[in-house]
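Protein chains in written order, with the numbering used here: chain A, 1 to 603; chain B, 604 to 1036.
Errors might be hidden in some of the hints.
Claimed, not checked - Derived PhoX-like pairs (lysine-lysine); straight-line CA-CA distance at most 20 Å:
| # | chain 1 | residue 1 | chain 2 | residue 2 |
| --- | --- | --- | --- | --- |
| 1 | A | K241 | A | K220 |
| 2 | B | K619 | B | K847 |
| 3 | A | K510 | A | K426 |
| 4 | A | K220 | A | K183 |
| 5 | A | K220 | A | K188 |
| 6 | A | K559 | B | K650 |
| 7 | A | K464 | A | K510 |
| 8 | B | K619 | A | K568 |
| 9 | A | K559 | B | K619 |
To be verified - Part of the chain A face toward chain B, derived, beta carbon under 10 Å:
| # | residue |
| --- | --- |
| 10 | K466 |
| 11 | A538 |
| 12 | I539 |
| 13 | I543 |
| 14 | R546 |
| 15 | K568 |
To be verified - Restraint-style ranges between C-beta atoms, simulated for each label pair:
| # | chain 1 | residue 1 | chain 2 | residue 2 | range |
| --- | --- | --- | --- | --- | --- |
| 16 | B | Q994 | A | G471 | 30 to 40 Å |
| 17 | B | E856 | A | K375 | 35 to 45 Å |
| 18 | A | E497 | B | P855 | 26 to 36 Å |
| 19 | A | E314 | B | L980 | 23 to 33 Å |
| 20 | A | Q575 | B | P855 | 19 to 29 Å |
| 21 | A | E497 | B | D719 | 56 to 66 Å |
| 22 | A | K381 | B | R961 | 51 to 61 Å |
| 23 | A | Q575 | B | E940 | 41 to 51 Å |
| 24 | B | E857 | A | I388 | 17 to 27 Å |
| 25 | B | P855 | A | Q524 | 49 to 59 Å |
| 26 | B | A841 | A | E314 | 39 to 49 Å |
| 27 | A | Q575 | B | R898 | 19 to 29 Å |
| 28 | A | D398 | B | R998 | 36 to 46 Å |
To be clear, the hints were calculated from the coordinates, so they are not data collected in a lab.
Every residue gets a Cβ at the ideal spot worked out from N, C-alpha and C, and that includes glycine.
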Amino acid sequence: MQIRNFSIIAHIDHGKSTLADRLLQATHALSDREAREQFLDGMDLERERGITIKASAVTVKHIHNGEEFMMNFIDTPGHVDFGYEVSRALKACEGALLVVDASQGVEAQTVVNAYLAIAQDLEIIPVLNKIDLPGARPEEVAEELEQVLGFAAEECLAVSAKTGQGIPELLSAICDRLPPPRKPVTTKTRALIFDAVYDDYRGVVIYARVFDGRLKVGDKIRMMGLDRMHTITELGKYTPKQVKVKEVGPGETCYIVAAMKTLGDVRVGDTITLEQDPAEEALSGYEPPRQMVFCDFYPATSDKKGNDFEQLREAVEKLSLNDASFTFAPVHSEALGFGFRCGFLGLLHMDIVQERLEREGDVEVVQTAPTVSYKVDMRGKGGGIEEIEVHNPADLPDASTIVAIKEPVCRVEIMVPKQYIGDVMKICMDRRGIYRNQTYVSETREILTFEIPLAELMYDFYDKLKGMTAGYGTMDYEVIEFRTDTLVKVDILVNGEPVEALSLITHRDKAELRGRHLLVRLRQQIPRHQFEIPLQAAIGGKIIARETIKGFRKDVTAKCYGGDVTRKRKLLEKQKKGKDRMKSVGSVNIPQEAFMAVLDTGE
Amino acid sequence: MPARIDPGPVYAMVRKAMGLDGAVSGPSGGDGPARSLYIHIPFCFHKCHYCDFYSIVDSRDRQKAFTARLVRELRALAPFSGGLPLETIFVGGGTPTLLAPGLWVELLAALDDAFDLSVIRSGIRAGRGEFTVECNPETATPELMGVLAGGGVNRVSIGAQSFDPAMLKVLERWHDPENVGRAVELAAAAGIDRRSVDLIYAIPGQTLQGWGRDLERAISLGVTHLSAYNLTYEPNTAMTMRLKQGEFAPTPEELEVEMFGLTRETLTSAGLDRYEVSNYAVPGHECAHNLAYWRQKQWIAAGPSASGHLAGHRYKIVARLGDYLQERDDGFAPLIEHEARDARRALAEIVMTGLRLREGLDAQAVLARADAIELGLGERGLGERIEREVQRWERVGYLLDDGGAGGGRRWSLTEAGVLFADGIASEFIARIG
């Protein structure tokens, strides 16, 4: 039997999930009655946001030219926040369907995803979807694909996942054009883990692709990277219904249950071999997930007994069972109390985690301003240079010991209608972007390639881009390296006291502006007090910006007779509710909202 | 209109807590009897536009019925003094001096009969034995002063408000400023030792100089106590309505602050020290009765709308004269407000009123109460929260954490801090929870 392993990659909303369902239906894996939309997306949240967070694999049978084909089709998370997972999923494939909406055309994410597939040496079938739509212009979009990615127009298949038009042709193309799995290069077993999910009943479920050798139920397996041993208790496939199997061989995909209790027991990208007869070398490409964006979560409410923190802890721990790529560590902030510093693969990942915490964990969280991960070269004790990672401005070492601060820099692809190129260039330059490339897409659109620090993308870059391009601009990015720049820590002092939760790391040239904007926002957020409150932004000891919150002149009632005591006390108590939600720093009450002021660039 | 509260059960709880029934509750052996008494006389000539005290414009036909009812109420309340001599009495209003001299004779005799006035009759000494009557300058007559002095009254508080006829007119006060001096003299002549004058500042249109003249004039009368109140726009007063209607502009806050400063400077150099936000006295001449309020002592209340504080209970007597006049077998008057004993509330009140006093708070006593609350309610960290609040206000220079010469640690507001006593108190209350 022939085997084809492939993924579908696409820009958001270009119809990836609908196409997946249609393929399942066409191969009779799903009966029409069962063909509920977007079968592969398991979670509510995924469906609501129209994105796929977790990869999974489905195996179907198809007869082509009288020959039986096993099609393993491996779903990938669409967003490059999950780039590492995407690349692992693609590594398990020999081919990919690059889906483009025939009316929308090539978008930034199409390009970035295509690059990932090309980097994995996959055979790509460009698919123009939604050709049933009145606005569809498959010829033009095919030309765009040729311009941007070099696919010949005749390579493109035109389909409508909605009506089923072109689907048989697509199935044939998968069989004819995508290559079979490579031949085993060793008799020792090697399987690539391309995904893992947590299941309340079975523990961790691994998705794997066998490259060499075989896996059987009862095998003692070893994870070569983590160097851990487990015994396979269950092997199976999703067709998409779950079907148990005894054994899998080269080229096949499967799920594996092996009594693993947490996602910490497994790493995506790791190689499985047999304990008895281990492979000498792991399959290439294993890396631990890398958190690029960090922020703190605190309970939004705080009772005096700390129940809210416990609730947050439970929610965070539960979520981590399902998502091994986010990290968390307890933190304490003078202003916000006890919480967690969490690391995420990217901004979308952060949003998703926060939403899942609130939804699934039923906790309300205050999220501090996100910061990227910095690498800091500092003078070590022996005089040598030591590199540390800093996820929090507060953890930055003393300025005198810092040799260099390096920040993650992204390659950003921006697809933009021609008339907006000037504006987009300007915002990219403003965000410390380095212009790399401009690619002609069509008469009306171009792709701009910039290198922009991740920290600059974090603050409403996408919203700004959407705003200035009437919604037509799309972007995608990928972290390419850590790069040294003139970065400084800006301290914020409230009434002379530094408030760590408000400090930030920024480029020296932008420090004044950022500091000033932040102070203005703080001035609006912090209520007047019984005294004047100076707000200052400082680099080292040097004040770079200052604002003042004027104080009340007086706040005292003249009379307090015996009969006034109750009334007066009630009046004072009335003000208490508002105060409960404020955090006092030194002598100043700071509302929680003020801690979010850092998020707003105020441009 | 709030529902009336049956006073019977409230007073029964008080009696029990005080140990008047023999059975003493609480580890401290009960609260003991009250040593202070407040009486409210609700009659006025005219309702002044800034005043939110309960008063009815004089109708002489009801004074007699009122006095008779008050006397019966006082008899019913007398047991709360436990047979011990009263240390302070304060008669306020309204305009107490509007009560006819004959009725005053009856009232004073009834007081003497129901309560032990021996300490009061032996004169004011070390904050004990003070009997104050609020006095309208127009109503002071030699006859009335004589009656009062004869009944044991040894202090009058004269409502001057201002010596500037234009300012009095804004307040809708209809007395001749000259009568203030006359009232002071009459009281002195009758042998009433202590005379105090009330003034109001920050009246719309008042200047800093005008206020200075009022202060000088009051000092020249030789009074040893002076209350200087920043005009407050109380809800439901004519003054507040007129303000809202734009009849006048309120005094700017900056000027109010200057007037507050001028008050302290002027009075201090005349030998009157500020001992509470708005009260100044020659040392030793502080109003003992008001200090009892501010130090959270107990007091018995009588008369419509009077508020009392007994055994930790706070309550208020009905305000409407018609309701008050209705008879009850036990002699008590109905209540309209009642708050039962509550340790946390009591602590909040201690802090609130204590911060208004120059002497400030007894830190040990406050922390001991916080400890007791922590023990009783199983709460943690209350003491630390209070300490942190103290440090916070000390840092901005509004509060002094003073070890004291005798080792008694006290927390008091500084000159700068007094101006923010409410704001600071509300922060403390927020920490007390």
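Item to check | Hinted pair K220 (chain A) and K183 (chain A), Cα distance within 20 Å | outcome: With a Cα-Cα distance of about 24 Å, the restraint between K220 (chain A) and K183 (chain A) is violated, given a limit of 20 Å.
Checklist entry - Any CB of chain B closer than 10 Å to the CB of K466 (chain A)? => result 43 Å, violated
Item to check | Range agreement (Cβ of R961 (chain B) with Cβ of K381 (chain A), hint 51 to 61 Å) | outcome: 57 Å, holds
Checklist entry - Are A841 (chain B) and E314 (chain A) spaced within 39 to 49 Å by their CB atoms? => result 59 Å, violated
Item to check | Given hint K426 (chain A) paired with K510 (chain A) - CA-CA distance at most 20 Å | outcome: Status holds; Cα separation ~16 Å.
Item to check | P855 (chain B) versus Q524 (chain A) beta-carbon gap, inside 49 to 59 Å or not | outcome: For P855 (chain B) and Q524 (chain A) the Cβ distance comes to about 25 Å; the hint is violated.
Checklist entry - Per the CB criterion, is K568 (chain A) less than 10 Å away from chain B? => result 7 Å, holds
Next on the checklist: Tell me if the beta carbons of E314 (chain A) and L980 (chain B) are separated by a distance inside 23 to 33 Å.
Outcome noted: This hint holds: roughly 27 Å between Cβ atoms.
Next on the checklist: Hint check: K464 (chain A) vs K510 (chain A), CA-CA at most 20 Å. Holds or violated?
Outcome noted: 18 Å, holds
Item to check | Cβ distance range 30 to 40 Å for Q994 (chain B) and G471 (chain A), holds or violated | outcome: At roughly 53 Å between Cβ atoms, G471 (chain A) and Q994 (chain B) fall outside 30 to 40 Å, so the hint is violated.
Checklist entry - With 10 Å as the cut and Cβ atoms as the points, is A538 (chain A) at the interface with chain B? => result A538 (chain A) check fails; min Cβ-Cβ to chain B is 19 Å, beyond 10 Å.
Next on the checklist: Given the hint of 36 to 46 Å, is the C-beta distance from D398 (chain A) to R998 (chain B) inside that range or not?
Outcome noted: Given range 36 to 46 Å: violated, Cβ gap about 26 Å.
Against the hints set out earlier in the document, violations occur for numbers 1, 2, 4, 8, 9, 10, 11, 12, 13, 14, 16, 17, 23, 24, 25, 26 and 28.
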